[in-house]
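Go ahead and model the full structure; you've got the sequences and the hints to work with.
Be aware that the sequence shown starts at 10, since it is given in my numbering, and climbs by one per residue.
If you're looking for bench data, these hints aren't it; they were derived computationally from the structure. Mixed in with the good hints there might be a few duds.
[As the list claims (entries may be wrong)] Derived DSBU-like pairs (lysine-lysine); straight-line CA-CA distance at most 30 Å:
#, residue 1, residue 2
1, K179, K138
2, K138, K159
3, K81, K179
4, K162, K138
5, K159, K149
6, K179, K149
7, K162, K211
8, K162, K179
9, K47, K81
10, K149, K138
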Amino acid sequence: MASHARWRNPPLQEAVFEVRFPPVDDYSIFVGGMAEVKRNRFPKVDRLPADELPPSIMVSGAVRHRFTTEDKGLLFQTGQDVISVNAISYSGFATFSNAIEDILESAQNYADIGRVSRLGLRYINRFEKVEDPFQILNIKSSFLDFDLGKTAKIQTNYIKQEINNLFLSKNVDFPVADSNLIFDLDAFQQDFDPDSLPWDIKSIVDWADKTHDIVWENFESSVSENERSRRE
Numbered sequence: 010m011a012s013h014a015r016w017r018n019p020p021l022q023e024a025v026f027e028v029r030f031p032p033v034d035d036y037s038i039f040v041g042g043m044a045e046v047k048r049n050r051f052p053k054v055d056r057l058p059a060d061e062l063p064p065s066i067m068v069s070g071a072v073r074h075r076f077t078t079e080d081k082g083l084l085f086q087t088g089q090d091v092i093s094v095n096a097i098s099y100s101g102f103a104t105f106s107n108a109i110e111d112i113l114e115s116a117q118n119y120a121d122i123g124r125v126s127r128l129g130l131r132y133i134n135r136f137e138k139v140e141d142p143f144q145i146l147n148i149k150s151s152f153l154d155f156d157l158g159k160t161a162k163i164q165t166n167y168i169k170q171e172i173n174n175l176f177l178s179k180n181v182d183f184p185v186a187d188s189n190l191i192f193d194l195d196a197f198q199q200d201f202d203p204d205s206l207p208w209d210i211k212s213i214v215d216w217a218d219k220t221h222d223i224v225w226e227n228f229e230s231s232v233s234e235n236e237r238s239r240r241e
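In structure tokens, the structure reads:
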């Protein structure tokens with residue numbers, strides 16, 4: 010795990026880890042088991058709209074239940090073929106990584122976590138009260154007639170291949186809710202060598218660790234020098 014200097018005032022809104030795997034045979038056993046073993050740390054359980062669908066209708070990646078800590082700073086979500094871990098109150102990757110490992114250790118008793126079909130790590134950043142997004146991020150308009158004063162909406166999406174089958178999607182959305190700027194970095198991998206499976210929990214967490222370094226490097230290089238100096 011690389012060492013990254015903590016920012017004094019980071020713009021991070023939410024960090025999300027996701028793993029997908031073969032659909033469980035009985036979702037009720039999966040969700041019931043997770044509710045039982047995690048009830049002390051995640052006492053609040055919410056049924057989500059996707060759970061209105063019968064189990065016979067399997068939508069890949071659809072989360073059916075949410076488990077939340079008392080302070081609402083951390084949560085995880087389950088579906089028939091997916092678990093996501095979401096940090097709302099983010100205190101660094103080491104803490105987030107420990108939470109991921111803890112939840113996956115419990116989940117592997119009910120789901121074939123090791124036969125991963127997709128892994129994802131996403132960092133959603135919100136910059137507030139932005140007047141000029143080009144002063145916040147190192148981005149440029151490709152339109153010759155661009156006029157920020159006449160612009161109602163800016164949305165960009167850039168997907169690049171990093172290493173092997175790992176891709177990084179960089180997304181910008183401005184303005185959002187009273188001049189906020191959303192900068193969303195979403196790293197994912199979904200083509201795995203069948204001969205490499207199954208992965209153990211350590212391998213999955215190691216993937217998240219290496220991917221976090223890539224996301225962080227892209228984040229730092231994308232934020233303008235002025236904005237960085239204001240927040241570091």
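We went through each hint and held it up to the structure:
no.: 1; hint: K179 / K138; verdict: holds (21 Å)
no.: 2; hint: K138 / K159; verdict: holds (18 Å)
no.: 3; hint: K81 / K179; verdict: holds (27 Å)
no.: 4; hint: K162 / K138; verdict: holds (15 Å)
no.: 5; hint: K159 / K149; verdict: holds (16 Å)
no.: 6; hint: K179 / K149; verdict: holds (14 Å)
no.: 7; hint: K162 / K211; verdict: violated (42 Å)
no.: 8; hint: K162 / K179; verdict: holds (17 Å)
no.: 9; hint: K47 / K81; verdict: holds (14 Å)
no.: 10; hint: K149 / K138; verdict: holds (20 Å)
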